[in-house]
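Take these sequences, add in the hints, and give me the full structure.
Chains as they are written, first to last, in this note's numbering: chain A, 1 to 231; chain B, 232 to 489.
Careful: at least some of the hints might be erroneous.
[Unchecked claim] Okay, derived cross-link-like pairs now, EDC-like style, lysine to aspartate or glutamate, Cα gap no bigger than 16 Å in a straight line:
(1) Lys-393/B / Glu-78/A
(2) Lys-349/B / Asp-301/B
(3) Lys-38/A / Asp-403/B
Keep in mind that the hints were calculated from the coordinates and are not lab data. It should be emphasised that the depicted structure is a prediction, and the values quoted were computed from it without experimental measurement.
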Amino acid sequence: MTYAKRFDGRGMDELRPMSAKVGIIPRADGSAMFKIGKTVALCAVYGPRDLHPKFMQNPETGILRVNYNMMPFSGHGERVRPGGGRRSKEISMVIENALLPVLDLKEYPNSVVDVFIELPQTDAGTRCAGITAAAMALADAGLEMKDLVCAVAAGRCEDKIIVDLNYLEDSHEDGADVPVAVLPNSGKVTLLQMDGEVTREQIKEIIAKAKEACKKIYEVQKAALKEKFAR
Amino acid sequence: MYAEQKTHLLKALAKNVRYDGRKALEYRPITVEYGVSGSAEGSARVKVGGTEVLAGVKMEIGKPYPDTPDQGNMMVNAELIPLSNPAFESGPPGQQATELARVVDRAIRESKAIDVKKLVILPGEKVWGVNIDIVTINDEGNLLDVSCLAAMAALKNTRLPKLNEDNAIDYDAEPTKEKLPLSREPVEITIIKVGDKFFVDPLSDEEKLIEGRLTVAITEKGTICAMQKGGTAPFSAEEIDKMVEIAQTLAPTLRKAL
Numbered sequence: 001m002t003y004a005k006r007f008d009g010r011g012m013d014e015l016r017p018m019s020a021k022v023g024i025i026p027r028a029d030g031s032a033m034f035k036i037g038k039t040v041a042l043c044a045v046y047g048p049r050d051l052h053p054k055f056m057q058n059p060e061t062g063i064l065r066v067n068y069n070m071m072p073f074s075g076h077g078e079r080v081r082p083g084g085g086r087r088s089k090e091i092s093m094v095i096e097n098a099l100l101p102v103l104d105l106k107e108y109p110n111s112v113v114d115v116f117i118e119l120p121q122t123d124a125g126t127r128c129a130g131i132t133a134a135a136m137a138l139a140d141a142g143l144e145m146k147d148l149v150c151a152v153a154a155g156r157c158e159d160k161i162i163v164d165l166n167y168l169e170d171s172h173e174d175g176a177d178v179p180v181a182v183l184p185n186s187g188k189v190t191l192l193q194m195d196g197e198v199t200r201e202q203i204k205e206i207i208a209k210a211k212e213a214c215k216k217i218y219e220v221q222k223a224a225l226k227e228k229f230a231r
Numbered sequence: 232m233y234a235e236q237k238t239h240l241l242k243a244l245a246k247n248v249r250y251d252g253r254k255a256l257e258y259r260p261i262t263v264e265y266g267v268s269g270s271a272e273g274s275a276r277v278k279v280g281g282t283e284v285l286a287g288v289k290m291e292i293g294k295p296y297p298d299t300p301d302q303g304n305m306m307v308n309a310e311l312i313p314l315s316n317p318a319f320e321s322g323p324p325g326q327q328a329t330e331l332a333r334v335v336d337r338a339i340r341e342s343k344a345i346d347v348k349k350l351v352i353l354p355g356e357k358v359w360g361v362n363i364d365i366v367t368i369n370d371e372g373n374l375l376d377v378s379c380l381a382a383m384a385a386l387k388n389t390r391l392p393k394l395n396e397d398n399a400i401d402y403d404a405e406p407t408k409e410k411l412p413l414s415r416e417p418v419e420i421t422i423i424k425v426g427d428k429f430f431v432d433p434l435s436d437e438e439k440l441i442e443g444r445l446t447v448a449i450t451e452k453g454t455i456c457a458m459q460k461g462g463t464a465p466f467s468a469e470e471i472d473k474m475v476e477i478a479q480t481l482a483p484t485l486r487k488a489l
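Okay, structure coming up:
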């Protein structure tokens with residue numbers, strides 16, 4: 001089968017329309033919104049603050065704790081039962097690993113930086129939108145960072161390599177979904193998952209295209225941060 | 232705790248001013264935005280001052296309850312998520328979230344805001360279920376009143392999804408233009424008592440000082456459809472009457488925002 005034209009008419013390397021805003025939750029220490037197509041991620045950062053339960057405290061460094069959650073009305077189809085399950089636990093963990101390399105929490109022993117990611121509406125690519133929003137929120141919280149983190153899902157749909165899969169492409173039978181997080185300045189990858197089936201050549205191309213796409217996301221992040229801080 | 236703050240608040244209330252310059256019985260500016268989540272069948276964002284709440288409606292097909300075979304179902308759930316307030320924790324809903332959801336549920340249910348008799352697909356077999364989820368985004372006080380407004384706004388925004396031949400929801404089809412059968416429009420007003428003073432729409436700092444509160448749900452006819460007393464301060468019958476009067480006076484202002 002050949003995927004001649006994308007379901008929504010986009011070019012193979014084209015991202016959906018993006019927008020971003022920093023400082024959307026005044027109560028939080030840092031916050032941001034990232035929208036890509038119909039997927040919206042909100043993120044709030046609280047901390048560094050005291051870590052409870054106490055046994056989780058590390059006297060050598062502060063820790064990062066991510067909580068990824070889909071709002072009950074945010075799914076395609078039925079209501080998502082609140083409370084989260086195995087899926088959101090795993091996603092929270094891989095997001096932690098994706099963000100941690102840019103932070104240095106050694107100055108905050110026994111503390112925690114809490115990152116809350118909430119999705120009010122979704123059309124695939126939620127963990128990537130969450131990472132992109134979280135990186136801006138961490139910067140907004142004033143934490144020292146070595147780089148931002150940008151993320152996008154790339155993949156394969158039939159014979160084509162595509163970036164920023166929407167729900168129809170993500171759930172397409174003949175394809176693969178590869179969420180990738182990239183540190184834009186070093187080009188290093190901090191999140192990589194995949195499901196589907198691809199060749200070694202294809203995965204090389206998918207990662208290369210994800211890195212290209214992340215450059216565009218990086219520009220959106222920088223613009224949103226400048227809008228709040230560059231005055 | 233907070234003894235100085237309480238003295239300060241009471242002195243200010245004696246002159247009918249608040250921390251933010253408002254009068255005792257004045258709400259912060261209210262904005263309502265409809266259709267904020269494309270994945271929901273209806274949704275709204277309500278801001279009252281700095282407090283922001285989202286509500287979304289998901290429709291489902293279910294069986295009616297045995298004691299109400301000729302009625303659709305409804306449910307209100309609230310998530311006070313840790314994104315919205317540093318004091319909120321992850322996990323199952325606690326006392327505050329449960330009370331909030333139940334008090335909003337009562338306003339909607341008891342006022343018969345949703346005409347549940349019109350939500351029957353096959354009597355005794357298949358009915359619509361209306362799931363209302365309330366999610367807090369930024370808590371700067373008065374989540375209860377704001378949540379009730381958000382829930383009503385989301386209901387007003389709801390369009391029924393399309394059904395396929397088997398009377399199941401077709402999520403891939405565009406929703407119909409058909410709205411929910413709504414017959415009433417309750418709003419909830421919480422009146423706070425500190426010392427011998429009453430005020431409404433508390434800020435987070437004022438909420439810490441609450442001695443007693445009374446939430447009153449008011450229909451557009453001015454009747455009362457639900458009440459909930461909170462806090463430990465006892466109320467006299469005269470005080471309750473006064474609080475109901477305050478709620479009736481303020482209800483049209485809130486309803487106008489919808």
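Verification of the supplied hints:
With a C-alpha separation of about 13 Å, the suggested pair Lys-393/B and Glu-78/A falls inside the 16 Å cut-off, and the hint holds. Among the hinted pairs, Lys-349/B with Asp-301/B is consistent with the structure: their alpha-carbon atoms are about 9 Å apart, no more than 16 Å. Restraint check for Lys-38/A and Asp-403/B: the C-alpha separation of about 15 Å stays at or below 16 Å, so the hint holds.
Checked against the numbered hints above, the structure violates none of them.
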